[in-house]
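> Sequence:
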Amino acid sequence: MIIQSVSRLAQTEIATFTHSVHSPGVLVGALVGAAIFALYLSDVPLIKSVILFAISMLAGVVAAPFAAQVVSSITPESVTAREPVGALVSSAVVVKLLTTVSNNVGTIFRHNKGETTK
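Residue numbers (numbering that gives the first Met the number 0): 0 to 117.
Just so you know, the hints here were simulated from the structure itself, not pulled from any lab data. Accuracy of the hints is not assured; some may be wrong.
What the hints assert, rightly or not - Taking lysine to any residue and the SDA-like style, the derived pairs with C-alpha atoms no more than 20 Å apart in a straight line are:
hint	residue 1	residue 2
1	Lys-47	Asn-103
2	Lys-95	Glu-76
3	Lys-95	Val-43
4	Lys-95	Val-31
5	Lys-95	Phe-36
6	Lys-47	Val-78
7	Lys-47	Leu-57
8	Lys-47	Leu-96
9	Lys-47	Ala-37
10	Lys-95	Ser-22
11	Lys-47	Phe-65
12	Lys-47	Ala-34
13	Lys-95	Ala-34
14	Lys-95	Pro-75
15	Lys-95	Tyr-39
Could you build the full structure based on these sequences and the hints that come with them?
Below, the structure is given as structure tokens:
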């Protein structure tokens, strides 16, 4: 019974991902979100910008349905966010999270060891 539930869930997620990948709106939303954030990163080396751009595009496509649901849940009921909006939001947010974590890795680990930060 558990295996059947997991199998159905996996099939649903794969179908959602396949639908998102084939949706031109999702690809454009992810591209725009990644481009906006890549333009914001002017002081980052080119290779790092290219890697972050690729991660942003992938995250925008993969997380589009989830991000659209989150956006819809925080907006008034008359506003429903579609997957392209979710792709744009998720592609920008994931890169912001990655850059924040990568810039503060030392601080995070020092804080967890009980050391004070300067």
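> Each hint: holds or not?
Verification of the hints:
1. Lys-47 x Asn-103: Within the cut-off at roughly 16 Å; holds.
2. Lys-95 x Glu-76: Judged against 20 Å, a Cα distance of about 28 Å means the pair is violated.
3. Lys-95 x Val-43: Roughly 13 Å separates the two Cα atoms, so the pair holds.
4. Lys-95 x Val-31: holds (15 Å)
5. Lys-95 x Phe-36: holds (8 Å)
6. Lys-47 x Val-78: Violated. Lys-47 to Val-78 sits at ~36 Å, over the 20 Å cutoff.
7. Lys-47 x Leu-57: holds (15 Å)
8. Lys-47 x Leu-96: holds (15 Å)
9. Lys-47 x Ala-37: It holds: about 10 Å lies between the C-alpha atoms, which stays within 20 Å.
10. Lys-95 x Ser-22: violated (24 Å)
11. Lys-47 x Phe-65: violated (26 Å)
12. Lys-47 x Ala-34: holds (14 Å)
13. Lys-95 x Ala-34: Holds, at roughly 13 Å.
14. Lys-95 x Pro-75: Violated, at about 26 Å.
15. Lys-95 x Tyr-39: Cα-Cα ~10 Å, so holds.
The earlier numbered hints that this structure contradicts are 2, 6, 10, 11 and 14.
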